Amino acid sequence: MSVVDDTVEAIPSGIGVSAVRPDGKEKVKGDFIFSSDLSSEGMLWGQTLRSPHSSARILNIDISDALSISGVHAVLTADDVPGENIFGLERADQPVLANDFIRYAGEPVAIVAADHPEIARKATDAIKVEYEILSPLVDSSAAITAKAIHPEGNVIRYLNIVHGDTEAVGDVIVEGEYEVGMQDQAFMGTESGMAIPSPDGGIDLQISTQWLHSDQEQVATALNMPIEMVRVTLAGVGGAFGGREDVSMHVHLCMLALYTGKPVKMIYDRNESFLGHVHRHPARIWYRHHASFGGRLVKVEAKVILDGGAYASTTSAVLANACCFSIGPYSVPNASVEGWGVRTNNPPCGAMRGFGNVQTCFAVEAQMDKIAKELNLDPVEFRLNNALKSGDTIITGQEITGTAPVREVLMSLANHPLPGPSSNNLLELPGGTGRTTDGSHVKRGVGFAASIKNLMFSEGFDDFSEARCIVDDGFIAIQTACVEVGQGFVTLVQQIVQEILGIEKVEILPADTSIGSAGSTSASRQSWMSGGAVMKACEAVVNSLISDLSNEQGVSFERIGTVLVAPDGSASIPVSDALRGRNYDETVVHRHAPTVPLDEVGQGDAHVSFAFAAHRAVVDVDEELGLVRVVEIATSQDVGRVLNPVQARGQIEGGIAQGLGLAILEEIILQDGKIQNANFTDYLLPTAMDTPTIEIAALIEEPEPNAPFGAKGIGEPPVISSTPAVVAAIRDATGLDLNRVPIRPEDIALG
Amino acid sequence: MEFHIASSTEEVCGLLAEDPTREILAGGTDFMVEVNFRHKDPSAVIAIDRVPELKQWRHDGDAVSIGSCVTYREIERGPLSTIVPALAQSARTVGSPQIRNVATIGGNLGTASPAGDMIPVLLALDAKVIIRSIDGSREVSIDELITGVKETSLADNEFIEKIRVPILRGPQEFLKVGPRNAMVISIASLAMVTDLERSAIAIALGSVTAAPSKAREAEAYIQDFLDWNVMTVESSALPNFRRLVGEASSPINDHRSSATYRKHAVGVLGQRALLRIFESRDDG
Ligand SMILES: Cc1cc2nc3c(=O)[nH]c(=O)nc-3n(C[C@H](O)[C@H](O)[C@H](O)COP(=O)(O)OP(=O)(O)OC[C@H]3O[C@@H](n4cnc5c(N)ncnc54)[C@H](O)[C@@H]3O)c2cc1C
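Protein chains in written order, with the numbering used here: chain A, 474 to 1224; chain B, 366 to 649.
Think of the hints as simulated: they come from the structure by calculation, not from any bench. Quantities reported herein were computed from a predicted structural model and do not represent experimental measurements. Keep in mind that the hints are not guaranteed to be accurate.
Selected chain B positions facing chain A (Cβ under 10 Å, derived; list incomplete) [to be verified]:
#1 Phe396
#2 Val398
#3 Asn401
#4 Lys405
#5 Ser408
#6 Phe539
#7 Leu540
#8 Asn546
#9 Asp619
#10 Ile642
#11 Arg646
The beta carbon of each residue, even a glycine, is placed where N, CA and C say it ideally should be.
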């Protein structure tokens, strides 16, 4: 057993170094307080009763037996929602508690507070709900024209992108149909939180989330409370990946706490967690690609159907991403792309790392390989022929004004050496510990894929983050509402302060709603948005300091690095020294360049910035049994600038494992809309024996104009093209089409 | 809830005789999952994992007696791994190191899941289960103990004391298919053991039948094509052998796999196990 060393070596600081996470040691030692560790004097436990049916009408709810159980303090239903019984991230269309119809299996129907979690569970069992069971709508294609299952209709969004000449025809035409299964974020720490009623009649909510202010707004509406009476504080988050962007238990906790006048805590168990958050949209995708004999893309036609499940969540924005980037990181003169985000009686789907780009990337990269084969071109060469570059226009008519080192990403990866052959150790071959596969059964395959991801929020959203820098006699405290979900924002805050103020020790104040919104920790946006806000807040402190100094000394200093220097060189003083004995409190708001909504033909400068990545997977496949061992995944990524090398590697490794999961393991299996595998026995995440060596061929550092420190978001690209790379490698080994992910053993063995 | 920590087998017998509704808890890796999922709400529990006799194994004539509370870790790593190699190969496939450190062989039989990884190996080896109660002990074969999906012939006042496993001279193989490379519930598995003294081969299947089951027709069929002196098998017999192994299964369709794949996979495992033990020979 290894022991955590208490002595941390002094290391270089500022931007670009592998600064140590301030919460790292606590997390490794198990001392970190996660939301599930919250507790409060006299606290009650909350529990949710959920519908077992995916489509039903509620005829009657009888809570009398549940209420009579000793130790039960509250049993609440839709009738008890104080404000509007509706919430939603992009549009409010989801009831806090179901009042008439059930639209998915797992929809909350009633909530209970009791002295003990076990009593709360018994009480939910004692609630009698009479349902009229209806037949569920579970087919996403049928949903477009089927009878509406929600007052707002089944088509949450239809998007049509028309680019160039839609009549153009290529020399070579390649068609394909693809399907993506429902992936789960599968964060380790399930949903949990605590609500405490406060003496002023308001409520304090401590919750594991991704976006405090969005929660605050939705909770206030449902509680019918002035927004400032709802105070939301971040509780320790055990992973998110998009699955905490939506409200889950938030309103329920507050309702129970307000009703009972006591603090109420909830923790979902793993099974409930699968029911309690949105998933990655399953997709059905059709493509027809046209290319010239010369190896250039001529036209791309696509139809994309995303299954949004019962409620909208972020379906509109996910669909926009799926469609806008349906071409991949390539330039094409003509395109016609149609997309539907539909409503079904499947579990709701929303944000998950990669956010729509994942689904179309899997399909379009398969198409790119197919055309390359048709044209007898090397897959990398064909991609290079068509690679986007700065100054090119994407199919929405937007010109890429920032950096777009697609060629560099592709070339550096292609030039990276391939791994050697596998050993004869059975445990290292497909099948692993199952000892199924000898070397003689193994076929090796290599696959390549590339991706594009938009950074930050798109389509005209007013995207901003607020940060506050407090200086108290030279000591620095930073406040934002930016949610740390494990990505390392807390490390970056320290690095920024070091970079600008030259001060090592930084207090990071709790993230809560007492400061303005930081936006969501998603869309690869927080380093740019909240990192940018922290940078500006520090700069504001420096500016105030300079103005005070010039008033006092009659010299107008300027900041060079972390030192203030008089223009004539007559005086210089480190910022940190100058701040001693002084107090400042600066709050700034940082915005990125504005974007516009897409018009009716899908045109407009809807996005802010773009990041590119490529992955090369090497796999060993046992064709007869359909078992796969991913041997290595190599990657190159366009990062603008590396802010913290260790954290960059962390994002890349984690993202690749998640992409591999979608390729061959991870799927929520549904039957009539009901989840069949809401547990980690059967929802299969990659283990250490499934996760290969990860090689970083290159991190391309071309500073992005307008980005704080030139850095692009790096969280999402690793997950996007790793999936198609693994699939391409399996195709290479087997010669099979493999048009659906995750690939199951039988797709290969019986394919 | 009533909770007893037993320190001897006699104590376990007594506690069960006194109140046969008391439930046995060994490593708890199945038991506690059942409790957490609220499929089980025990009112009285007897923990047996600290009973010294149950935690030991010893040589017992031409067999080895393995106490019901011997863990996978011990089977996988200790001397047992060379005495009953297929059992060790199977133990290695179970769960994660944390699970293998506490989960027991007796618990695997107690759960009696079709996917229990000990079961095909013990069946192929013709192991005997020694069952204890206040009335004494009785000995049953694996297929007498496990009568169906999660069903055993244990009476309420009985528990598994140990498993007597014959020590055979000859290669043994356990192969298990799951979609993941480790820590995965089997969707098809196969144990093949040989006895060089008697020139015998036994094959048992996992996860593809409701109750433990051998591939008897395949065993009988292949005998004619084996040369035990040089350990070879006639290659022409392989397709039929593989088909017969598959036909010995009666798998179900579920969220883990289709029945068609399970049948296919178990046949492939049979052929591969055979070819690890016997070299293929082309005969005219
Ligand atoms: C993460 C995880 C992964 C797993 N992976 C696998 C796997 O790959 N393969 C596999 O086969 N299993 C697997 N299991 C299931 C489990 O670990 C095994 O079945 C294990 O052998 C159970 O042993 P235990 O000691 O934990 O039994 P317990 O959980 O204590 O008991 C299981 C049942 O047997 C009864 N019982 C226990 N001992 C006796 C006895 N001596 N006499 C009579 N009845 C008894 C109990 O009353 C209970 O009903 C896994 C479980 C988990 C949690």
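Hints, one by one, checked against the model:
Taking 10 Å as the C-beta contact cut-off toward chain A, the hint placing Phe396 (chain B) at the interface is violated, the least distance being around 15 Å. Because the beta carbon of Val398 (chain B) sits about 8 Å from the nearest beta carbon in chain A, less than 10 Å, this interface hint is met. Hint status for Asn401 (chain B): holds, given a least beta-carbon distance of 7 Å to chain A, under 10 Å. Look at Lys405 (chain B): its Cβ only gets to about 14 Å from chain A, farther than 10 Å, so that hint breaks.
Interface restraint check for Ser408 (chain B): the shortest CB-CB distance to chain A comes to about 14 Å, outside 10 Å, so the restraint is violated. Satisfaction of the interface hint for Phe539 (chain B) is found here, the shortest Cβ-Cβ separation to chain A being roughly 7 Å, below the 10 Å cut-off. Satisfaction of the interface hint for Leu540 (chain B) is found here, the shortest Cβ-Cβ separation to chain A being roughly 5 Å, below the 10 Å cut-off. Residue-level restraint check for Asn546 (chain B) holds (minimum Cβ-Cβ distance to chain A is 3 Å; threshold 10 Å).
A cut of 10 Å between beta carbons decides the hint on Asp619 (chain B): the least distance to chain A is about 8 Å, and the hint holds. For the restraint placing Ile642 (chain B) at the interface with chain A, the shortest Cβ-Cβ distance is roughly 13 Å, beyond the 10 Å limit, so the hint is violated. A distance limit of 10 Å between C-beta atoms decides the matter here; for Arg646 (chain B) the minimum to chain A is near 17 Å, and the interface restraint is violated.
Hints 1, 4, 5, 10, 11, counting from the list given before, are not met by this structure.
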